[in-house]
Amino acid sequence: MPELTLIEAIRETMRDEMRRDESIILIGEDVANRGGVFLATDGFVEEFGEDRVIDTPLAESLICGVALGAAVNGMRPIAEIQFADFVWPAINQLVGEASKVRYGTNGVKNAPLTIRIPYGGEVRGGLYHSQSIEVLFSHTPGLTVVAPSTPFDARGLLASAIRANDPVIVLEHKRTYRLVKGDVPTDDYTLPLGRAEIKRLGTDMTIVSYGLMLHYALQAAESAAAEGIDVEVLDLRTLRPIDTATIVESVSKTGKALIVQEDTPAVSISSEVAAIIAEHCFFDLDGPVMRLAPPEIPAMPFSPLQEAAFMPSPEKILSAIRKLAVL
Amino acid sequence: MILRIELPHVGESVTEAEIGEWLKSTGDKIEKYEPIVEIVTDKVSMELPAPATGVITKIISEEGETVPMGAIIAEMETSEISEIDTTEPPDVPASNRIGTLIQGANVGPTGGEFLDTSMASNTPEIQSKETKGFVSKGNEARYSPLVVRLASKHGLDLNAINGTGDGGRVTKNDVLAAIDSGENSKVSVTSVDSMTLGDEVIKPTAVRRMIADRMVRSTSEIPHAWSAIEVDVSGLVTWRTANKEPFEKEHGVPLTYLPIALFAVSGALKLNPYINSSWVDGKIVLKSSINVGVAVATDDGLVVPVIKNAEGASIPDLACQLDQMIDRARNSKMTLEDASGGTFTLNNTGVLGSILGGAIINHPQAAILTTEAIVKRPVVLTKKGEDSVEIRSMMNLCLSFDHRIIDGAEASRFLQGVKNQLESIDESFNLWG
Amino acid sequence: MCSSKQKSSGDSAHLSDERLVALYRTMVLSRCLDDRVWLLNRLGKAAIAASAQGHEAAQVGCVEATDPSKDHYLIYYRQLTAMIALGSTPEEMLRGFLAKEGEPMSGARQFPYHGAHPRVDMFNFSNVIATQMPQAAGVALSDKLRGWDAVTIVSFGDGAASQGDAHESMNFAGIHKLPLIFFCENNRYAISVPLDKQMAIDSVASRAAGYGFPGVSVDGTNLQEVYAATKVAVDRARNGDGPTLIEANVERLLPHTTDDDHTRYRSAEDIEHMSKRDPVKITSSLLLGKGLLTEAEDEAIHSEAKKQVNVATDAVESEPFAGVEKILENVTESTEPTR
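Protein chains in written order, with the working numbering: chain A, 1 to 327; chain B, 1001 to 1433; chain C, 2001 to 2339.
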């Protein structure tokens, strides 16, 4: 079975999907001749031609608006926003328009649109190449939002996203692009949208996480095991809809929850997960729901010391585990 | 500008405090760091310093009021901190500040005055799929943390309380009702029958109230058992009399029996770890340090400064520490740090003449020891199989202990340890041995 | 009778007499419905309406040059007349205004005019201005990529022309020579903001040059002019020659919507003056002048329209409001937000 990095998994998935379905087109900045700034579409314009791999002008609202228009007219576009930090001009077309097509036309039209967005930090990206932007989309009914952490999940979730008949935002943590390598079957497979996965079984507490943090949580869990703390690690995988059932099953079993995320905590995914746990696991909790997240500053700074201070790390997570273990 | 004075967070486990005496009044000028009010926690009293120089403009929390940490207790005017341009809003009654709804005034979909005549009178319900099934898990008792805390504080058995909540769950109100009915029955006996003309009613001080609460908690939670032993301190008395003056000259502090008792107790605690423990959440926690609290009577009541890591300290060491602590305690200069962390308590009740005492354990410790009065008594001594009567100086040691953790045998073993150490002191005793 | 069922003007760039009369009928029906809806709003029954009065000729003239059986129409909120011309019935329109069950474009979930029509590809997803323009570029692009024979017409007002989305979509359309017609109905007011505060130039059409395609300005009250210009643009598009920007100059005879009062920002003289550019009256005069209609026939057209609107109003008013039972449906295909 081939071992692929996350970006390779993304690339292979799109390639296979485009071979399988002619109605899939790619649209974004630098996706054609450059093959994408992360090489996500390397070789695609050579194989599929300029009619299916389209370099757009520098205009994010346009990219998503055009993709939406093509989607409601019978195609299955994949739009790429080059960096999450640049998605804001497209919020109107995604949150304002795309999310409401099926609902607002009462089913007359739907938008089978996929939007791929590299996000996240620890790449010395500074304030404008490191942002986590999941919250606005995850709040929006009509959108589905996935954030795969592993190459295996990336393939399955991206395939599902492309095949879904409504808009799906695929958040790809750019640090994990080349950092994470794993088995990815070559067979065609999809993973269900809206389903979390327990990546490590444990009994003393549940860490809920996603993205790059999932890997750091796993590292911290291994260290904690050596100290006699048995940590269960839950990978959300989908940020909207959040898999309430899996979270509740896990936290009811372990009795404690630590939510680890790279986004700042106020009004975030961790807020939603904490509310879910408080509502459904109240009588099974052996301690308060804890969150580990960066400080409330606009984004992570460029200076390496400041970036490190911002980012949760395996050490910080281990510290939080130790604290929660005795609370 | 107006500066709000809040009750600072003084310690990790302290969440609220009682306002003691206000040392300053509205209109008084105050200097930064000058004490303005006394605050009382269940560990210690302290004086709160002014955060800036200025004038007190408003006292918000009254004497005797219990407030949580972080609460605003007063306001002051100060020019030390630069003013962000704020103006106090004029006084408008609350109901006017909320406003009322004007019938017939409308806003249309995009700003006009459209008055909708199409609305149905009933708003239909949306039948949504409810995510249920996560809460009910059968008939097991489900006690919320609040319910557990309330019941524990008032010594109530949750199994005996009738639950009116979902699925028969005991709720906060159920516990409160149980507390009320318990108190009511007490009140009906005492309040009417025990008050007669001429009785004087005294409102306890904040400290006395705290002590009272602590005593109730200790006796209701901890099953107290009691054991006593006699100690022949004749040798000790002789030794002390001989060494009193040189000791004081050398170490600058008096040589009382207290540091000696503390020395003996610490050594015995080291050998009997279960005496130096605590019952927590159904588990016995053996404390890693030996921190002995020494009861000191002050004008405000009993305070218990703690000598940390007492085992292994020498008698002169202990004497110095004790002297400083007691001095601080008597002068109301004890800090929260001084009063915290105790794992065992020693009370020299003998100094007032008591020969036997059943002290109440300092919750959540496992035991408390009193050293009683040294009294000359005729005692039967057996030497080489021959009995005779001699005048000996005798002192009783009384141990109250938590019978969940400690049985009589262990208690006796501990007392024996202290006794042996004390009885081993005679003229030949070397301080540094 | 719905005008879209009649033969269109076909390949000729000139409207036939027969078509002129037919289009006039549509305009009268639209005007009649338009008046009725305004009245329903004042009675507290129709919460919001944007009038097409003044725009009728521009809208029917444009539609006439296209082929509703295959073309795409991204409409905006003032296109009552275009919707009638494309096949919406007065009943369907009234269901929209009165929020009744069975409203075809959005199930009455949206404001009237919004949603997507089930029979002709006419849609408008939101109330946000100009968002339909990049979407129209996407529709046109996807047709071109697949070699489909269809033209996309995106309609918008002078205010929308200021939005970033307008610029981005015209730029893109020019680069890719999309089969896309940008149809701007310039009535010189974006709610209350007059044209000289909306743009530094005199005509929206002049912007097209900046995007590499032709722009043309026409008298929007002149059926013939509108039709001819649109026909040229449609032919261009079908031939693969790319987009065109058509600016139809019209008057907005009524305030922005039923929530607006234009006497607050327009002078009495201005309002009086613009009422002279009423396309229904202009077309009526034209037809009477050409002898294509007698006064009695004109009268009859008006009373027929009124009757049609009355019947529709009576029927729809008695229908139930769009209900709650399905309010959770059609969020996404599998509308199960959480397990």
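No lab work stands behind these hints, which were simulated from the structure alone.
Backbone N, C-alpha and C define an ideal beta-carbon position, used for all residues, glycine too.
Please note: incorrect hints may appear among the correct ones.
[Stated by the list, open to error] Computed from the model, here is a short list of chain B residues facing chain C with C-beta under 8 Å:
(1) Asp1116
(2) Ser1118
(3) Gly1235
[Stated by the list, open to error] Derived EDC-like pairs: lysine to aspartate or glutamate, alpha-carbon spacing no greater than 16 Å straight-line:
(4) C/Lys2326 with B/Asp1327
(5) C/Lys2281 with C/Asp2259
(6) C/Lys2144 with A/Glu17
[Said to hold, decoys possible] Pair ranges (Cβ atoms, derived):
(7) A/Ala225 with B/Ala1071: 41 to 51 Å
(8) C/Gly2212 with A/Pro304: 58 to 68 Å
(9) A/Glu22 with C/Ile2175: 21 to 31 Å
(10) C/Glu2317 with A/Glu22: 23 to 33 Å
(11) A/Leu179 with B/Thr1015: 39 to 49 Å
(12) A/Gln219 with B/His1403: 44 to 54 Å
(13) C/Ile2175 with A/Leu305: 39 to 49 Å
(14) A/Asp42 with C/Asp2261: 56 to 66 Å
(15) B/Leu1101 with A/His139: 52 to 62 Å
(16) B/Pro1090 with C/Val2193: 37 to 47 Å
(17) A/Ser319 with C/Val2193: 56 to 66 Å
Beta-carbon spacing of glutamate 22 of chain A to isoleucine 2175 of chain C - inside the hinted bounds 21 to 31 Å or not: holds, 23 Å
task = Double-check serine 1118 of chain B for me: the hint is only fine if its C-beta lies closer than 8 Å to a C-beta in chain C.
result = With a closest approach of 6 Å, the serine 1118 of chain B hint holds.
query = Is the hinted range of 52 to 62 Å satisfied by the C-beta distance from leucine 1101 of chain B to histidine 139 of chain A?
reply = Taking Cβ atoms as reference, leucine 1101 of chain B and histidine 139 of chain A lie about 30 Å apart, which means the hint is violated.
So, glycine 1235 of chain B near chain C? Judge it on the closest CB pair being under 8 Å.
violated, 79 Å
Q. Quick one: are glutamine 219 of chain A and histidine 1403 of chain B within 44 to 54 Å, going by C-beta?
A. holds, 48 Å
Is the hinted pair lysine 2326 of chain C and aspartate 1327 of chain B satisfied, with a Cα-Cα distance of at most 16 Å? Roughly 79 Å separates the two Cα atoms, so the pair is violated.
- Take the C-alpha atoms of lysine 2144 of chain C and glutamate 17 of chain A, compute the straight-line distance between them, and say whether it is at most 16 Å. violated, 22 Å
Starting from the range 39 to 49 Å, see whether the pair leucine 179 of chain A and threonine 1015 of chain B falls in it by beta-carbon distance.
-> holds, 44 Å
Quick one: are glycine 2212 of chain C and proline 304 of chain A within 58 to 68 Å, going by C-beta? Hint violated: Cβ distance 46 Å, outside 58 to 68 Å.
Notebook entry, point to check: Is 56 to 66 Å right for how far apart the beta carbons of serine 319 of chain A and valine 2193 of chain C are?
Noted result: Distance hint for serine 319 of chain A, valine 2193 of chain C holds at roughly 57 Å.
**Asked** Falls inside 41 to 51 Å, the C-beta gap from alanine 225 of chain A to alanine 1071 of chain B?
**Response** With a Cβ separation near 43 Å, alanine 225 of chain A and alanine 1071 of chain B satisfy 41 to 51 Å, so the hint holds.
query = Are glutamate 2317 of chain C and glutamate 22 of chain A spaced within 23 to 33 Å by their CB atoms?
reply = Violated, at about 49 Å.
Hints 3, 4, 5, 6, 8, 10, 15, counting from the list given before, are not met by this structure.
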